[in-house]
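Here the protein sequences line up with chains A, B, C and D, keeping their order.
One point on numbering: in my numbering, the residue at position 128 of the first sequence is 128, and numbering is uninterrupted.
One point on numbering: in my numbering, the residue at position 238 of the second sequence is 238, and numbering is uninterrupted.
One point on numbering: in my numbering, the residue at position 86 of the third sequence is 86, and numbering is uninterrupted.
One point on numbering: in my numbering, the residue at position 472 of the fourth sequence is 472, and numbering is uninterrupted.
Keep in mind that a hint or two might mislead.
Straight-line C-alpha distance at most 20 Å; calculated EDC-like pairs for lysine to aspartate or glutamate [stated by the list, open to error]:
| id | chain 1 | residue 1 | chain 2 | residue 2 |
| --- | --- | --- | --- | --- |
| 1 | C | Lys336 | A | Asp190 |
| 2 | A | Lys123 | A | Asp8 |
| 3 | C | Lys190 | A | Glu97 |
Derived DEER-like restraints, expressed as beta-carbon distance ranges [to be verified]:
| id | chain 1 | residue 1 | chain 2 | residue 2 | range |
| --- | --- | --- | --- | --- | --- |
| 4 | C | Val439 | D | Gly175 | 51 to 59 Å |
| 5 | D | Gly175 | A | Pro102 | 53 to 61 Å |
| 6 | D | Pro454 | B | Lys45 | 44 to 52 Å |
| 7 | A | Leu49 | C | Gly51 | 26 to 34 Å |
| 8 | A | Leu49 | C | Arg182 | 41 to 49 Å |
| 9 | B | Gly253 | D | Phe443 | 23 to 31 Å |
| 10 | D | Ala561 | A | Trp56 | 44 to 52 Å |
| 11 | D | Val466 | B | Leu264 | 34 to 42 Å |
| 12 | D | Leu451 | B | Gln155 | 48 to 56 Å |
| 13 | B | Arg260 | D | His85 | 47 to 55 Å |
| 14 | C | Gly51 | A | Arg52 | 31 to 39 Å |
Derived from the structure by calculation, the hints contain no laboratory data.
Note that the structure is a prediction, hence the values are computed from the model and not measured.
From the three backbone atoms N, C-alpha and C, an ideal C-beta is built for every residue, glycine too.
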Amino acid sequence: MVGRKSLDALIRLYALQNVLLALLAFVLAEGERHFVLAGLALLLLKGVLIPRYLFWLLERLGVSHEVESYLSIPLSLLLGGVLVGVGFHVGSSFVLEGARLPEAVPVALGLILLGMLSMVSRKKAITQVLGFLALENGVFLLALAETHGLPLFIELGVALDAFAAVVLAGVLIFRIRTTFNHIDTARMRDLKG
Amino acid sequence: MSALLLLLLAPLFTGSLKWLKARLQNRRGPDPFYDYKNLFKLWRKAWIRPQGSSPLFLLAPVASLLGVGLAAAFLPVLPGVSFAGDFLVLVYLLNLGRFFQVLAALDTGSAFGGQGSYRESLVSVLAEPGTVLALGAAGLASGSLSLAAFTPLSQENALVYTLALVALSLALLAEGARLPVDDPTTHLELTMIHEAQLLDHSGPLLALYELSAGMKLLVYAGLIALLLPFGPLSFPAVLLLAWLALGYLETYGVRLRYLRLPDLMSYNTLSGILAVLGVVLRFRI
Amino acid sequence: MTMLYLLLLLPLLPALHALREHEAGRLASSTAAGALLSLGLSLLAQNQAAGPLRLDGVGLFYLLLTDLLFALVALYARAYFQAGKDRESWRFYAAGNLFLFAMHGAYLAHNLGLLWIFVEGSTLASALLVYHKGGARALEATWKYLMLGSVGIALGLIGVILVYALLGGATLDWQEARALVRGADPAQLKLAFAFLLVGFGTKVGLFPLHAWLPDAHSEAPSPASALLSGTLLNVAFYALLRYAALLGSAGLFDFAAGLLQGFGLASLLAAGLFLFVQRDYKRLLAYSSMEHMGLAVYGLGLGVPWLAMLHTLFHSLAKTAAFLSAGNLLLTYQSKLIARVGAVHQVWPATAGLLVLSLLTLAGLPPFGLFYTEFQALLRSSPLLMGLYLLGLLGAFAGLLWPLSRMVFGEGHGVGLGAPPRARTLVVVPAVLVVLALVLGLFPPVGVVERLAEVLSWKL
Amino acid sequence: MNPLIETALILLGLQSLLALLRPPAIGFLPLSLGGSGLLLLLAGLGAWLTGTWGTPLDASAGFYVALLGALYLGVGPYLREYLVHHEPHRARLEAFLLPLFAAAMVGVLLSPPGYTFLFLWEGMALLGYLLIALEGPNGLVGSRAFFLASRLSGAGLFLALILLVRKEPLVGGLGHLVWAGLVLGFGTKAALFPLHAWLPKAHPVAMSPLSALLSGGMVKLGLYGLYRAQDWVGSPPQWVGWLLVGLGLTGAVYALARGLAEEDYKGVLAYSSVENLNLLLAALGAYFLLPNPLFLLAFFFHQAAHALFKGLLFLGSGTLPVRELSRLGGLHRLLPRTATWSFLAALTAAGLPPLAGFLFEWYLYQGFLAAPQGTGAHSLLVLGVGAVALVGALGAVSYVRLFGLTFLGQPRSPQAGDAHEMGIFGQLGMGVLAGLLLGLSLFPAALLRPLEPPLYPVLPLFLALVGLGGGLVYLLSRKPQRAYDTWDCGFNQPGLMGSALTPEMQPHALGYSEQLLRLFPFVELEAHLSREGMLSPPRVRLEVSDWLLALEARLARGYTAFAHRVQHLQSGSLHLYLLLQFLALLFVLGVVWR
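Using the sequences and the accompanying hints, generate a full structural model.
Printed below as a string of structure tokens:
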């Protein structure tokens, strides 16, 4: 995820991630209804709707599909590796008593850290959104791993919020494109002091 | 009592000083009693009020004389008023006189008056701390802050008193407007300090100024006399000494450059400080 | 009870109204009416519970404050947009009511998860408020706000999840959680609190998480800035209050206290520096918000929730008044630069008076309320913290003073911008707030707030 | 509480309310402000003289109430006439704020240490700031300096008083901390060197009646606090005394020298206030070290005297057409009454007998001269004598310069030829203060009775001076006299063009003190020669460079630079912000795992 140069690939990767997460939810569900529902919502919302929205957005924006970053690909791969390592290293202290799937906790942490890394280092607005979504997924995975899943209405609320945030971000990106003629957030530095 | 004595003596001192200087310079010079006549003559004349001047123009010579005169009243040359801290009142009464004089010098709007005014101000700032410190040290050494109770010079307080005497002597030169601080005989306005302030005063007003200047000199002499060990003879002795010394100094000495004044007067302040420290830290010879 | 649901959904009505009706006057009326109605309703609904909703003392306190400020700002906004010839004020009312809905939700929610959802919702709604009509700068501010806010709140979610897991997945109800949390592993509860503090702290505007705050406040239209500062910051602070109490119940308050005091003082000290070199008066006010939220968090760190609540109350009143006065300045001078504003006391005396009074309130001077709360906070601090606190206050004061003097009493060079708008509302609304701040400052409602804050008490 | 004081406070409150009417009711000011002043004077004097407020320390509050009362009594009528010349909008605000300010000052004196005290203390600062700020652009720097210093003072007091209010035992360093807070808090207000910098910025720009209240009254509250704190905390540690004596004497000399480099009439007065306050602080510090009643006498007596003469001088300054000394001159002709009042005040300020200013120095000298009776290092206090003497001499010069350049000589600018005397109310206000000052000078025992003062024969000296002086003046004025031009080296011959003297030939404000200032290394005058054209005469411009102000400016620049550096955190880069957020998280996690 941190190593790819193409935005399309990133979005596809993100969709795949969500499908996997949904599958995990189904596996863990053990027939509990709300897990199944949550998984379905996830699959629908994040696995299908959001990626499609992003592709649509990318197309309409008419900007290059290239990922721009403060870091070179090797460096960012290296940093990503380090962060995943850190995630695994400290993961144990995150594993709570009675965690459902302790093995997934470090993975979740790694995902969160990678999400943050891409938000800090990627320049294009849309890549930052992707970073945020990865982070969000990490949080979701953490929830799956640590608990029996959040209560359903909370889960749905969270998903709704995330979706609304992405839609809003999309609208904003579109406006950014028309206003600035680019979507490079590193160049939006008028407000300072 | 002392005030009257000094009032009577002052013209004699200044007048005879002029005579002495003339003699030293191989001139015949005026009569030693000339200043009495001169004052009398001036007093009878009319006086000029410069245009636009304020009431201070008239008040200043009066206040100047009164300040010095009342200060002299506190001098225990002859028995008079005495209380703890009287030497401070004495010094500040002298200041009172000067305050008016310096102010009146600004009154006429003359260039020289102003010059004299700030020059005199500088002199006062330079001389005053030394004077007060010296007198304070003497008071401390005597165990009393009343002039009448000052003990005379002795083995015990010799160092402190010597320092105090140095300070007071320098103060006498400065405050009395004598060489090397000021030249009382100059006729060039640009070099004047004391005289520049009197340029516009004439007749009786000038007489008052002259009289008070002479008295001021004697007041300092009286202060010096307090520290000397000759009993009632101290004051005459100091007068004689001062008379001779001034005559000599003003004949063979030259006036110090005005801007070098602080250098000279720093000895005054330093002696004062050392004198006080000498009492506190019990300096002995 | 249906009343709580009614209260929750009430703001959606004017929001829908705003989508259909674009006339500012009617919108202002319906919005203000909605807010005032909720104000009354919430007084009736105290201590009621329904599902995940419950209105306890703390919630009521903030709900009342929010509704009151919202109603007043709605009235002001009408005159403001009219004077600014802004025909799209409906956007403000629509987003504003949506925002109010989220706020209602947050204050009514008794479920920590629900609380999180509504706080996140308030971020999204307020992003719309900031964006308003767009433009490069507003866009930039909105984007930054959205990104930082979302990441922050996502970190907060991690905290919520950890808390939930620590409770054994049994409940997220705050009251029940406080009873259960005693059994939780302290080390892991601390971990959860770390995420919660950074997450909600971002929205409170604590240093160094504050970066979005001045951008958003300065670029939003002034009534929206007033809402952000006066109400939005409170909602995140409210969440911190709840979690601090939760930690208190677990006997870990000392740990939380250290962090809260540290972040509070850091915000105070940093804000002082930012204020000192600020050239834009709206950003100035924003940094002042950062300062005061820092002080409130510090007050919470002292273990005195009522004091922190009182502080936020006075801050909200004064800051709202200040932002509204700043709106008047913007209408008159057409510039946000301090250097462009001058001689306000001659150009528009009423606004000058409001500006002076509200800024002096914010500077913590008597007879206004913040003087009282700052005194109380100092009374409870150790000498070292007292010193830092006073240093911070001085720094912040020094930062506020020059702009205030400069704008109100300084020279008004080349500001021939014609007469300022003369709509009464522009002055009356902030005046009401200032008077309220004054009265409450003279007679601080300590007893009432203390009683309302009782639910938070963990020292039994 | 005393019913007289209550009535006075009610009067002040009513006046504030009345001022809000349209048009503002400033006509009542003599009655309300002046009347409250009278009540306060009576009540305060009663308490001070009879000690009815309990312990001697307690009665000191009465002294200060009376001091404020005396000022209000003079300022009340004066203000009424002064405000008529302001535009109604501004006059209303001033008439509203000033009585509140006056009431706050009294309130401070009536409050025990604690919340109310701080409330009123900071409230006083706020009102003072607003009153100065109403001066508009000219008052910007001054009002800011005033308010900043007031808040600094408030911070010190917060620290001290809160530690006191907590009623914890002041063990360990806490007692020292309390005193540090008190010295910072009250010292700043009382212009303790080097915390005095605000005063010469603020007092000159305030309107004259306000300057009178600030310099005469408000700053005294700092002295009150330091004195009264003994009552609250117990006797201070040694270092407080040494600090006050050391800084006080240094500050007094500094302020006088600096005042000589000041061109602004009110600026000179402000520096003179700094001088007097520092000398008072030195007296108090010396009292802390050696509880000699002479220091206490000096301390109390001079506060009263300073309040009156400085109040009078500031009121007088309200009549001047311009404030720069280098543009004034000869005003005794246009403003004879103001000149008279100011002359009386200047004589007092110069510390000349038999007026009140001298008695202060008299006590102070004797107190310092008594120091060798103390032990060890205390006996070194005797060196204070030298400092006081220097201050005395410089003070006299400073007032000669001030009065002489303003009221005597020839006008130095056209504006100085166009001044108008105050009317009946203005004269009444100044007259009241002058009368009180004269009374205080001649009957010091009436005020100092509770302290059983030693005195020099004040009244006989006065009578001798007035009697003999009057006689001499009478004789002289009966002598023949004629008016003539001032001596100009004989250039004024018949047929020539008249007097060769021009106003420019008089000493310039800075030229007057230029040579004196050479004695003091911390104030420098730099002369800049400039010539407009080849043929025009060169003009000399003197620039004052002040070491302390330069240091202050450098500190301010350093702080600004630091703030700018911190501002880089808000660089506009979203990525940096996100990184900061991440680092903050790591930091908190670090705290958790520590």
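How the hints compare with the structure:
For a cut-off of 20 Å, the pair hint linking lysine 336 (chain C) to aspartate 190 (chain A) stands: about 14 Å separates their Cα positions. Our distance criterion of 20 Å between C-alpha atoms is met by lysine 123 (chain A) and aspartate 8 (chain A), whose separation comes to about 16 Å. Taking the CA atoms of lysine 190 (chain C) and glutamate 97 (chain A), the gap is about 15 Å. The hint holds against a cut of 20 Å. Take valine 439 (chain C) and glycine 175 (chain D): their Cβ atoms lie about 39 Å apart, and the range 51 to 59 Å is violated.
Between glycine 175 (chain D) and proline 102 (chain A) the Cβ separation comes to about 57 Å, which falls inside the hinted range of 53 to 61 Å. Proline 454 (chain D) and lysine 45 (chain B) have their C-beta atoms about 46 Å apart, which keeps the hinted 44 to 52 Å range intact. A hinted range of 26 to 34 Å for the beta carbons of leucine 49 (chain A) and glycine 51 (chain C) is consistent with their spacing of about 28 Å. For the pair leucine 49 (chain A) and arginine 182 (chain C), the beta carbons lie near 42 Å from each other, so the given range of 41 to 49 Å is met.
Between glycine 253 (chain B) and phenylalanine 443 (chain D) the Cβ separation comes to about 49 Å, which falls outside the hinted range of 23 to 31 Å. In this structure, alanine 561 (chain D) and tryptophan 56 (chain A) meet the distance hint of 44 to 52 Å, their C-beta atoms being roughly 50 Å apart. For valine 466 (chain D) paired with leucine 264 (chain B), a C-beta distance near 38 Å keeps the hint of 34 to 42 Å intact. Between leucine 451 (chain D) and glutamine 155 (chain B) the beta carbon distance is about 40 Å. The supplied range of 48 to 56 Å is therefore violated.
For the pair arginine 260 (chain B) and histidine 85 (chain D), the beta carbons lie near 51 Å from each other, so the given range of 47 to 55 Å is met. Take glycine 51 (chain C) and arginine 52 (chain A): their Cβ atoms lie about 34 Å apart, and the range 31 to 39 Å holds.
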